Structure formats: structure tokens, C-alpha cells
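Kindly produce the complete structure, drawing on both the sequences and the hints.
If you read the protein sequences in the order shown, they are chains A and B. Be aware that the first sequence starts at 12, since it is given in the working numbering, and climbs by one per residue. Be aware that the second sequence starts at 12, since it is given in the working numbering, and climbs by one per residue.
Hints listed in this document are in silico derivations from the structure and should not be mistaken for laboratory results. This structure is a prediction, so every number in the text was calculated from the model and none was measured. Treat the hints with caution; some may be incorrect.
Said to hold, decoys possible - Here's a subset of chain A near chain B, in silico, CB distances under 10 Å, partners left out: (1) F207; (2) A210; (3) K214.
Stated by the list, open to error - Using 30 Å as the maximum straight-line C-alpha spacing, the simulated DSS-like pairs for lysine-lysine come out as follows: (4) B:K394 <-> A:K119; (5) B:K384 <-> B:K394; (6) A:K119 <-> B:K289; (7) A:K119 <-> A:K46; (8) B:K384 <-> A:K39; (9) B:K394 <-> A:K46; (10) B:K54 <-> A:K46; (11) A:K177 <-> B:K50; (12) B:K54 <-> B:K315; (13) A:K46 <-> B:K33; (14) A:K39 <-> A:K177; (15) A:K46 <-> A:K144; (16) A:K39 <-> A:K258; (17) A:K60 <-> A:K177; (18) B:K50 <-> A:K119; (19) B:K315 <-> A:K258; (20) B:K54 <-> A:K177; (21) A:K39 <-> A:K119; (22) B:K468 <-> A:K267; (23) B:K33 <-> A:K237; (24) A:K39 <-> A:K267; (25) A:K144 <-> A:K177; (26) B:K394 <-> B:K468; (27) A:K177 <-> B:K289; (28) A:K258 <-> B:K54; (29) B:K315 <-> B:K468; (30) A:K267 <-> A:K119; (31) B:K315 <-> A:K119; (32) B:K289 <-> B:K315; (33) A:K144 <-> A:K214; (34) A:K258 <-> B:K50; (35) A:K144 <-> A:K267; (36) B:K394 <-> A:K147; (37) B:K337 <-> A:K46; (38) A:K258 <-> A:K214.
Glycine included, each C-beta is placed from N, C-alpha and C at the ideal position.
The lines below spell out each chain.
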Amino acid sequence: MVITVKILKFLPLLLLLSCIDLMIQEEKINSLYFKGGSWIEFGQLDSMKLESNDFTLQFWVSGGEVDTNEAPAIFSIIDSTDEITLAVLRDANQENSITTIINSTVGKEEYSWLDWSDPDNFYLISLLFSDSKGLKIYINDSNIINSESLIDVGGNKLNVGAIVNKDRTILENFWYGYIDEVRLWNTLLADSTILFQYAHPEKLGDYYRYSYYDSLIGLWRFNWDKPLYTIEDESDFNNDGIIYTLKGYSVELSEKGAQ
Amino acid sequence: MNSQLKINLIISLFIFSCTDDKIQIISNIPPDLPNQNYKINLKSNSGLFLANATIYWDATEGEVELYDTGDSINFNGNSHTFSGMNPGEFRDILIIVRIDDPPYVDSIQIFTRPVYPVSNFLYEVEMVMRGNQIYDFGESYTDLGNKIWDEGESYTDLGNGEWNEGEAYTDLGNGEWNEGEEFTDENSNGEWNEGEAYTDLGNGEWNEGEEFTDDIGNGFWDVGEEFVDLGNGVWDDAEDFIDSNENDEYDEGEDFTDKNGNGVWDEGEVFIDIKKSKYHRVLNWSPTIEPDEYFSNYIIYRVKNNNADDLINLENCGCEIATLTKANTSFIDSMVTEESGIYAYFYQIRVISGSDGRNSYIYNYTDFTSLSKVSLVDANVSKNNNEFIQITWEPVSNSTYFYQYEIWRSSEENSDNMQRMAIIINPEQGKFMDRNVGSGTTWYYSVAVVDINGNRKFSDFISGWSLP
Chain A
12 MVITVKILKF LPLLLLLSCI DLMIQEEKIN SLYFKGGSWI EFGQLDSMKL ESNDFTLQFW
72 VSGGEVDTNE APAIFSIIDS TDEITLAVLR DANQENSITT IINSTVGKEE YSWLDWSDPD
132 NFYLISLLFS DSKGLKIYIN DSNIINSESL IDVGGNKLNV GAIVNKDRTI LENFWYGYID
192 EVRLWNTLLA DSTILFQYAH PEKLGDYYRY SYYDSLIGLW RFNWDKPLYT IEDESDFNND
252 GIIYTLKGYS VELSEKGAQ
Chain B
12 MNSQLKINLI ISLFIFSCTD DKIQIISNIP PDLPNQNYKI NLKSNSGLFL ANATIYWDAT
72 EGEVELYDTG DSINFNGNSH TFSGMNPGEF RDILIIVRID DPPYVDSIQI FTRPVYPVSN
132 FLYEVEMVMR GNQIYDFGES YTDLGNKIWD EGESYTDLGN GEWNEGEAYT DLGNGEWNEG
192 EEFTDENSNG EWNEGEAYTD LGNGEWNEGE EFTDDIGNGF WDVGEEFVDL GNGVWDDAED
252 FIDSNENDEY DEGEDFTDKN GNGVWDEGEV FIDIKKSKYH RVLNWSPTIE PDEYFSNYII
312 YRVKNNNADD LINLENCGCE IATLTKANTS FIDSMVTEES GIYAYFYQIR VISGSDGRNS
372 YIYNYTDFTS LSKVSLVDAN VSKNNNEFIQ ITWEPVSNST YFYQYEIWRS SEENSDNMQR
432 MAIIINPEQG KFMDRNVGSG TTWYYSVAVV DINGNRKFSD FISGWSLP
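So, in C-alpha cells, the structure goes:
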């Protein structure tokens with residue numbers, strides 16, 4: 012009885028201390044969870060690049076529940092005439108397909124191993140494009156597109172999580188799902204590097220070489236401990252992005268991430 | 012509160028106070044979002060009304076032109092209602108918006124709904140025991156006195172204060188002398204005179220075959236000669252007989268039991284009306300969802316088994332048996348009671364709404380060549396249009412037993428979660444345009460054909476896609 016009274020006396024303090032303890036042990040944020048109506052704007056690719064017009068754009072993403080019948084877009088690059096230069100979307104109803112728009116040409120393919128319905132299943136999507144060497148697209152270690160299409164991104168912005176043009180008069184096809192990491196390289200990565208990255212989600216490459224990493228002009232990992240709408244570039248190039256949301260929408264911070 | 016309980020409470024508070032999922036969110040609304048690039052966003056309320064459909068499009072500064080099956084339409088604003096349509100009618104509408112070069116050109120299929128029929132219509136045969144309320148050959152009866160009621164006889168009045176045919180009465184004899192009855196010839200003139208005593212026997216008269224005393228020896232019974240009335244000595248209707256030649260009727264010479272009296276049932280005699288098996292048809296249905304302001308009535312039609320096809324063309328059927336209100340969800344047909352078979356008659360319920368109507372399925376009717384399922388392949392479902400998916404098919408070659416097409420849609424392949432998008436009652440229709448598809452999204456379609464028995468055959472489900 013005496014013990015109980017003592018516990019009651021110190022109850023508020025106990026509760027406070029216990030909460031502090033749990034907050035300290037809080038899980039690390041790994042990804043952003045998009046639920047429509049949200050996107051990330053980056054600068055013009057021209058202003059981000061170094062010398063080359065060769066790019067590798069990479070995403071670690073997983074799907075999530077969709078409550079729209081607009082195909083969610085992982086990213087888009089739209090030219091000044093509002094034609095889509097490059098975009099990748101998933102199908103709101105078909106969990107095993109991926110849609111590409113390459114210089115306004117739409118294509119869709121199904122893959123038995125693809126499943127956008129599982130939010131814990133992260134995919135490494137790599138797009139290697141150039142204005143002179145064609146286009147390759149990988150999902151994980153599978154080369155799904157090998158095209159001669161030349162991709163000229165001069166003057167165009169990179170938008171992640173929606174189809175968005177430069178002045179935002181096109182703003183649609185918002186992403187539903189998780190984005191763990193986005194990388195932009197100013198080079199065409201080797202196939203072996205992509206295979207290694209897929210096998211080691213926590214690593215950027217299979218060996219340390221200064222020249223190799225010099226081409227990493229954007230690295231956005233979302234490993235935060237608090238909500239931010241400015242996404243700091245963790246490469247050396249300060250190509251920060253900004254999260255925007257429509258009224259009534261938000262982006263969630265999530266512990267989910269590529270394993 | 013005991014100490015254990017307090018400790019448990021504290022532990023619970025400790026746990027629950029710090030295990031809330033703290034969802035951290037980011038919200039950052041950009042200032043001054045510009046107007047979006049113009050899109051027509053053509054929509055309609057097709058399928059909602061019986062006689063009209065309205066299309067809507069995004070307002071624009073540009074010039075808009077509308078065409079209904081090639082004819083230019085005058086309109087105001089950014090919508091137009093097409094009225095005066097027939098229930099279940101489909102039309103193709105073209106819209107051109109001249110705001111940029113080239114202009115926006117789009118099309119939409121509009122349609123009205125058919126009258127809502129009743130659903131779950133079925134009937135069952137119910138056996139009942141019924142007499143026919145009239146005396147039939149072979150039924151038992153009580154032969155009373157002279158078989159008719161006479162003035163002065165007591166009777167059981169069933170209501171109107173006088174004796175009526177069929178009311179019970181006590182026959183007291185007829186109270187007067189009849190020829191052939193014994194009498195006391197008081198004035199010895201050889202014949203019965205008023206006031207002389209007599210014995211009233213049997214039916215009061217001599218009949219052929221009855222024994223008599225031949226007083227005057229002429230070999231014949233004469234008026235006044237005594238006789239024994241033994242029944243009429245011949246077979247009458249209702250008397251039992253042994254049908255020797257099995258022709259189901261009495262023939263001269265066959266044995267029979269003369270039941271005395273006159274051996275036949277007479278008007279007014281009590282009889283036991285034999286109850287026989289009769290058959291009612293009990294019809295049940297779920298009411299139409301036709302709104303009250305349009306609903307007029309139900310009409311029930313019935314045809315005999317071999318005339319079932321008459322229900323397909325009710326105008327020439329002449330088989331209407333009842334008109335009912337919306338409150339009715341069942342009907343007992345006791346007009347045709349002789350045949351027991353479930354297939355003896357076929358029924359149909361028609362919902363009358365405004366100047367149109369819609370038949371039910373013909374329950375149980377399957378004696379016709381069933382319709383083939385629609386053949387739907389990849390080429391029949393579009394994958395290359397913005398904003399819509401179009402489904403085309405080959406219409407049924409013979410529409411005699413056609414009831415309707417149904418367009419079904421599912422968001423997943425091989426899913427039970429299907430949605431019926433439209434009902435098409437025109438057997439010649441071979442196209443449906445789904446404009447509620449979003450962009451870059453796959454949908455799976457089937458065209459089901461339904462026959463007049465309600466049998467539904469789905470085509471294969473084929474995927475369609477709209478461009479992102």
C-alpha cells in the first residue's frame with residue numbers, strides 16, 4: 012500500500028521520463044510517403060549538370076495504396092512546349108506494369124516480378140539517358156528498355172512525384188507510394204555499378220574512386236529526424252529540391268526503406 | 012481500489028502514454044498556382060434519366076461547337092441537356108473547342124436508362140383442395156322427400172326471410188291426394204273425391220315395373236289400382252353400377268344399385284361437394300426502383316406453355332391478367348387451377364413508366380436456342396485514347412430471345428469485384444465508350460449478353476487502357 016502511494020506521487024515524472032526515453036529511441040526516417048497531391052521540384056537539369064549531357068537518374072521506390080484512377084508518376088521531365096520528354100509511371104490498377112513516356116511516346120509493359128501493391132518491396136529504377144547515346148532503363152538488375160531515343164533535357168526541370176511542367180500549368184498524376192532515395196549522376200553508370208547498387212541499397216558504388224563520385228550531382232536520401240520541405244542535396248553540388256503539396260494533401264515521413 | 016489494480020492502471024498509463032504513432036507530415040502549398048492548361052474534361056450524367064442526358068465540359072473562352080450525330084446543336088454555357096430521348100437510347104456527340112490551333116476535338120457517347128424492371132421475379136405452384144360449388148356426378152347428397160320445397164314446409168332461412176333454392180326444409184308430403192294413392196271411397200262412386208281419405212305412397216304415382224293389383228284384370232295398371240313403389244326400377248344418374256364393358260357409362264343390363272327415391276340429385280338437395288386438387292400460381296418479385304413520379308403500374312401477363320413466345324411481343328399477346336400498384340410484390344393467380352406443372356404457364360411482369368415500359372425476365376422459360384456469348388478480344392477494347400476506353404463488339408445475329416447487353420468493368424484481372432457500367436437494350440448496339448477511366452489506368456471489360464430468361468453470358472474480360 013505504501014509502495015502504491017509512492018508510485019502515484021511520482022507518476023507525472025515517470026510518465027515524462029518514459030516518453031523522453033522513447034523519443035530518444037525513435038526509429039530513423041528513411042523515406043517519404045506520397046499520397047497524391049504532392050511533388051518535389053528540382054532545378055533545371057542544365058543548371059545542375061557539369062559538362063556532359065549524359066545522365067543517370069535513380070530512384071529507390073515502392074508502391075502504396077492508390078485512391079485515384081490517374082496513373083501515379085515517379086518523375087517527369089517536360090519541355091518548354093509541354094511535351095513530356097521523359098516520365099515513368101505506374102498503373103493505378105495493374106500492379107505489375109510500368110508506363111514510360113519517352114519523347115511523348117507512351118509505352119506500357121507488364122513484368123511478373125513487379126508488384127506495386129507491396130509498400131515494403133522497394134525497387135531501384137535507373138534511367139540512363141543522353142542526347143547522343145540513347146536510353147536505357149533498369150528496374151533492379153533488369154534492363155527493361157534499351158532504346159535509341161535521344162533525350163534532350165536542356166532547359167527542362169526535374170519533378171519527382173508528379174507530371175509537372177515548368178510553370179506548373181500542368182500538374183497531375185501524383186505519386187502514391189514511398190520514395191527512399193533519389194540520385195542524379197552526370198554520367199551513364201556502368202551496368203555493373205547498377206547491379207552492385209541493387210545488391211547493396213545502402214551503397215552508391217562498388218568501390219571508392221573520386222572521379223566516379225564526382226559525377227554524382229544530386230543525392231537526396233530523406234534520412235531526416237524532422238519534417239522539412241527543403242530537401243538538401245547530400246552531394247557536393249547543392250542542388251536542393253523543394254516539396255510542394257496541394258491544399259489538403261501532405262507527405263509523410265516514413266521508416267520504410269530499401270533493405 | 013486495491014493496490015494491485017492501481018499498479019495495473021499505472022503500468023497501462025505508462026505504456027499508452029508513450030506508444031502513440033507520431034506521424035510526421037510535410038505540407039507546403041505553393042503560392043499562386045496558375046490555372047491549369049485547358050482540358051475539355053467532357054463528362055455526362057448518362058444512364059440517370061429516362062428521357063434526357065446532360066453533358067458538361069470545362070468552361071473556356073474559346074468557341075465551342077456541338078454536334079449530335081452530325082447535326083449542329085445550339086446551346087448556352089458549358090453544358091447541354093439532350094431531351095426527348097427514348098429510354099435506353101444511345102447517341103454520339105462530338106465537341107470542338109476552338110481555343111488553340113489545332114482545336115480540341117473530343118466525343119462522348121450519351122445514353123438514357125431503360126425503365127427499371129422488377130427483379131427476382133419467380134413463381135411457384137401451390138396445391139389447394141377445392142370443390143367446384145356445384146353438384147357433380149358421383150357426389151353424395153341427401154335425398155329429401157319430394158326433393159323440392161313446398162309452401163308450408165319448415166325451412167332454415169339463410170338470410171332473406173323466405174325459402175330459397177338450397178335451403179334445408181322438411182318435406183311434409185305435398186298435402187294433397189295424388190292419382191294412385193289409396194283412398195276411402197266414401198260415396199262409393201269408384202273414384203277418389205275431394206275429402207276422401209287416402210294413403211300417400213312414395214312419389215305418389217305408379218311407375219313402370221312397380222307391383223300393382225290389377226283390379227279390373229286388363230293386365231295393365233290403371234289409375235286407382237294399388238301398387239308398391241320400389242324406386243323407379245331403372246338406373247338413374249348417380250346410382251352405382253358395374254361397368255361391364257368398361258365404357259365409363261351405364262348400359263342397359265349392367266348391374267346397379269337403385270338408391271331409391273328417384274335416384275338423382277335435385278336442385279336444393281344438400282350434397283357433399285368433393286374437394287379436388289387445384290393449383291395456384293404464386294408470383295413474387297422485388298419491386299422496381301422506378302421513382303414514384305414516373306411509375307404507373309405493373310401489368311401481369313400469362314400464357315400457356317406452348318405460347319411462351321407470345322410474351323416476347325406483348326402488344327399482340329392478349330394475355331394480360333392483372334394490373335397492380337407499386338405496393339404489390341406478389342400475386343396469386345387462381346384463375347387457372349387445373350394444371351399442376353410449373354411449366355404449364357409462363358408469366359411476365361411489365362413495369363409501366365410514363366409512356367414506356369420494361370418487361371421482367373420470363374421465369375422458367377428456357378425452351379429456346381440460347382444466345383451465344385459475345386466474342387471480345389484485345390482489338391475490341393481500346394488502349395490508345397485519351398480520357399476514354401471504347402469497347403466494340405459484334406451484335407447478336409438473332410435478337411428474338413435477347414433481353415439486354417451489360418457492360419461490366421473491373422479494376423483487377425480475374426476479380427469478383429465487378430461493376431456494371433451500362434445496360435443496353437438495343438440488340439443492334441455494338442459500341443460503348445467509358446469516359447470514367449482516368450489516365451494511364453488499366454480496366455478490364457466484359458460484354459455480357461442476357462436472354463429473356465435472365466441467363467447471363469459473360470464474354471472474356473479484356474483489358475483496356477487510357478493514355479496518361
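Go through the numbered hints given earlier and state which of them the structure violates, listing their numbers in rising order. 1, 2, 3, 6, 8, 12, 14, 15, 19, 21, 22, 27, 31, 35, 37 and 38
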